[in-house]
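Kindly produce the complete structure, drawing on both the sequences and the hints.
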Amino acid sequence: MTVTGPAIQKLTILGRSRAEVPSKDDILVGKDLLELLTRAMYVDPLAIYREYVQNATDAIEEARRQGMLASNEAGRIDLHVGLSERTIRIRDNGASIPRAHFLHRLLAIGLSSKRGKGLRGFRGIGRLAGLGYCQELLFRGRSTAREPVTEISWDARRLRELLNSDSAVHDLRTAVSEIATVNRSSGGSWPPRFFEVELRKVLRIKNDVLINPEAVREYLSQVAPVPFQTDFEYGDRIEDFLLKHGVGEVVELTIDGGATVRRPHQSAFVLTPKITDRFCGVRLFEVPGLDGGLDAAGWVLDHSYLGAIPKRLNIAGLRVRAGNIQIGESNILADLFTEPRFNSWSVGEFHVLNKKILPNGRRDEFEHSSHYSNLQSHIATIATEISRTCRARSASRNFLKATKHNLQKIENDLVVARSIPHSFPFRRRHLSALSKLIRKQEINIEKKLADTTQRGELLNRIIKLRREVERLSSDRSNGTLLKRLTPAKKKAYSEVLSAVYEVASDVSVAHGYVNKILRRLRAK
Numbered sequence: 009m010t011v012t013g014p015a016i017q018k019l020t021i022l023g024r025s026r027a028e029v030p031s032k033d034d035i036l037v038g039k040d041l042l043e044l045l046t047r048a049m050y051v052d053p054l055a056i057y058r059e060y061v062q063n064a065t066d067a068i069e070e071a072r073r074q075g076m077l078a079s080n081e082a083g084r085i086d087l088h089v090g091l092s093e094r095t096i097r098i099r100d101n102g103a104s105i106p107r108a109h110f111l112h113r114l115l116a117i118g119l120s121s122k123r124g125k126g127l128r129g130f131r132g133i134g135r136l137a138g139l140g141y142c143q144e145l146l147f148r149g150r151s152t153a154r155e156p157v158t159e160i161s162w163d164a165r166r167l168r169e170l171l172n173s174d175s176a177v178h179d180l181r182t183a184v185s186e187i188a189t190v191n192r193s194s195g196g197s198w199p200p201r202f203f204e205v206e207l208r209k210v211l212r213i214k215n216d217v218l219i220n221p222e223a224v225r226e227y228l229s230q231v232a233p234v235p236f237q238t239d240f241e242y243g244d245r246i247e248d249f250l251l252k253h254g255v256g257e258v259v260e261l262t263i264d265g266g267a268t269v270r271r272p273h274q275s276a277f278v279l280t281p282k283i284t285d286r287f288c289g290v291r292l293f294e295v296p297g298l299d300g301g302l303d304a305a306g307w308v309l310d311h312s313y314l315g316a317i318p319k320r321l322n323i324a325g326l327r328v329r330a331g332n333i334q335i336g337e338s339n340i341l342a343d344l345f346t347e348p349r350f351n352s353w354s355v356g357e358f359h360v361l362n363k364k365i366l367p368n369g370r371r372d373e374f375e376h377s378s379h380y381s382n383l384q385s386h387i388a389t390i391a392t393e394i395s396r397t398c399r400a401r402s403a404s405r406n407f408l409k410a411t412k413h414n415l416q417k418i419e420n421d422l423v424v425a426r427s428i429p430h431s432f433p434f435r436r437r438h439l440s441a442l443s444k445l446i447r448k449q450e451i452n453i454e455k456k457l458a459d460t461t462q463r464g465e466l467l468n469r470i471i472k473l474r475r476e477v478e479r480l481s482s483d484r485s486n487g488t489l490l491k492r493l494t495p496a497k498k499k500a501y502s503e504v505l506s507a508v509y510e511v512a513s514d515v516s517v518a519h520g521y522v523n524k525i526l527r528r529l530r531a532k
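Going by the working numbering, the letters in the sequence shown line up with residues 9 to 532, in that order.
Hint data in this document are derived by calculation from the structure and do not stem from the laboratory.
Each hint should be verified, as a subset may be incorrect.
[What the hints assert, rightly or not] If you anchor each label on the Cβ, the simulated ranges turn out as follows:
{"id": "1", "residue 1": "A458", "residue 2": "S92", "range": "55 to 61 angstroms"}
{"id": "2", "residue 1": "S440", "residue 2": "F407", "range": "24 to 30 angstroms"}
{"id": "3", "residue 1": "L292", "residue 2": "D372", "range": "25 to 31 angstroms"}
{"id": "4", "residue 1": "H430", "residue 2": "R401", "range": "43 to 49 angstroms"}
{"id": "5", "residue 1": "K412", "residue 2": "R245", "range": "33 to 39 angstroms"}
{"id": "6", "residue 1": "L251", "residue 2": "K444", "range": "57 to 63 angstroms"}
{"id": "7", "residue 1": "K252", "residue 2": "E226", "range": "26 to 32 angstroms"}
{"id": "8", "residue 1": "V51", "residue 2": "E93", "range": "24 to 30 angstroms"}
{"id": "9", "residue 1": "R291", "residue 2": "A82", "range": "25 to 31 angstroms"}
{"id": "10", "residue 1": "K444", "residue 2": "E226", "range": "55 to 61 angstroms"}
These figures come from a predicted structure and were not determined experimentally.
Note that beta-carbon positions come from the ideal geometry of N, C-alpha and C, so glycine has one too.
Rendered as structure tokens:
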């Protein structure tokens with residue numbers, strides 16, 4: 009046996025060599041891994057709220073399973089966003105962590121005890137999200153009233169010093185021991201069971217968005233597992249459907265003791281200062297899996313599809329949730345539409361049920377797999393149908409607009425026709441042309457519009473216009489001026505003035521010219 013170094017051994021057998029595994033002592037995990045987990049992991053700073061709310065929700069569900077929460081007791085997450093002291097606190101009434109496991113779980117990195125249990129967080133890195141956005145990150149809690157409160161403090165400022173310097177500290181284990189400290193205190197005024205995350209001296213990032221309560225509320229109303237608005241017409245039906253598929257209960261989440269954070273959906277929504285639309289139905293979907301069962305359960309709200317829904321409403325797009333927490337942004341499924349722009353016309357969500365469809369580490373997409381491809385394929389069919397609806401309703405609106413314009417033009421031309429003397433040759437031709445236009449509009453309405461109230465209103469206008477054409481066609485009035493003329497002059501004037509109508513590009517303009525001529529003749 010030939011030894012080539014302390015890490016690799018080569019064993020020569022019959023002229024062949026086989027590499028042995030490296031020695032554990034030669035495998036090092038450097039401190040720079042913490043930089044990747046804290047500075048480079050998240051694009052949106054607000055994502056740290058999602059990570060901590062996600063962990064709190066897991067703890068609440070665990071407490072529910074263990075009977076720690078009464079059947080009538082809500083899972084609760086309380087946020088404090090302190091602008092003056094630049095502090096964030098996130099507390100839940102979930103299962104917390106027993107004293108015996110507190111240090112092991114919270115000092116471990118990438119070693120989650122939740123892996124394989126079907127919970128939302130399972131990589132053991134999300135709790136470190138706040139390290140990149142504050143000077144000090146603290147975790148504290150206890151699982152029973154008999155335990156002291158255990159607190160672990162991570163010195164984020166010291167971490168940045170270690171990462172930015174040529175310190176002798178290079179490995180991850182030593183770096184953590186340099187920045188983490190542990191404290192225990194008696195129960196005092198702390199709740200008998202709780203877990204809390206605290207960020208102190210929060211950094212100023214993106215207009216101080218992390219300690220802007222309204223920005224935090226707006227963000228969490230979209231991504232957190234919170235209930236719909238009480239007056240949202242379809243909220244109860246959607247929640248019942250999701251509960252039937254085991255999506256999980258919603259939590260009671262408050263910010264600084266204010267009203268419970270709720271989803272942003274409302275029955276009616278304002279598109280522009282002049283246009284308000286209303287949801288008129290909801291479609292529920294079950295996406296079948298490759299191995300039986302369901303990959304997802306989803307819902308899509310129906311409305312008029314008048315155009316892109318303003319971003320300020322925070323409801324646009326087909327979105328995806330896992331564990332009732334949003335994954336990615338509102339455009340995560342945009343590429344499944346025949347035209348991505350139609351995603352912003354849509355309102356809906358798909359809740360992943362298949363545990364084989366996993367969010368990636370940043371939770372902005374899912375890990376690629378045959379199961380995720382199957383989910384995308386089924387949603388693409390729905391997105392294509394929505395795209396067709398967008399086009400069809402857009403075409404219908406354009407048709408309605410054009411039809412109303414055409415009918416108004418016919419009505420205006422009939423007003424002119426009423427004052428054109430019967431002896432004018434143009435009058436007969438004009439009424440005949442209007443009759444054909446009315447028939448054309450009638451055919452188009454019957455062909456292109458479904459049997460709706462608008463269709464009935466337009467056809468009633470058609471009937472009135474046809475009757476008016478018939479009435480004017482039978483009217484033999486020539487006007488008082490032409491009656492006074494000799495037959496020869498009447499014929500001459502009729503042909504000349506009729507020619508004015510013929511050559512003019514617009515009947516109303518021609519009518520103005522003819523009236524001027526008649527007034528001048530009348531003056532003589």
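So, going through the hints one by one against the coordinates:
no. : hint                              : in the structure
1   : A458 <-> S92: 55 to 61 angstroms  : holds (59 angstroms)
2   : S440 <-> F407: 24 to 30 angstroms : holds (25 angstroms)
3   : L292 <-> D372: 25 to 31 angstroms : holds (26 angstroms)
4   : H430 <-> R401: 43 to 49 angstroms : holds (45 angstroms)
5   : K412 <-> R245: 33 to 39 angstroms : holds (36 angstroms)
6   : L251 <-> K444: 57 to 63 angstroms : holds (60 angstroms)
7   : K252 <-> E226: 26 to 32 angstroms : holds (29 angstroms)
8   : V51 <-> E93: 24 to 30 angstroms   : holds (27 angstroms)
9   : R291 <-> A82: 25 to 31 angstroms  : holds (30 angstroms)
10  : K444 <-> E226: 55 to 61 angstroms : holds (56 angstroms)
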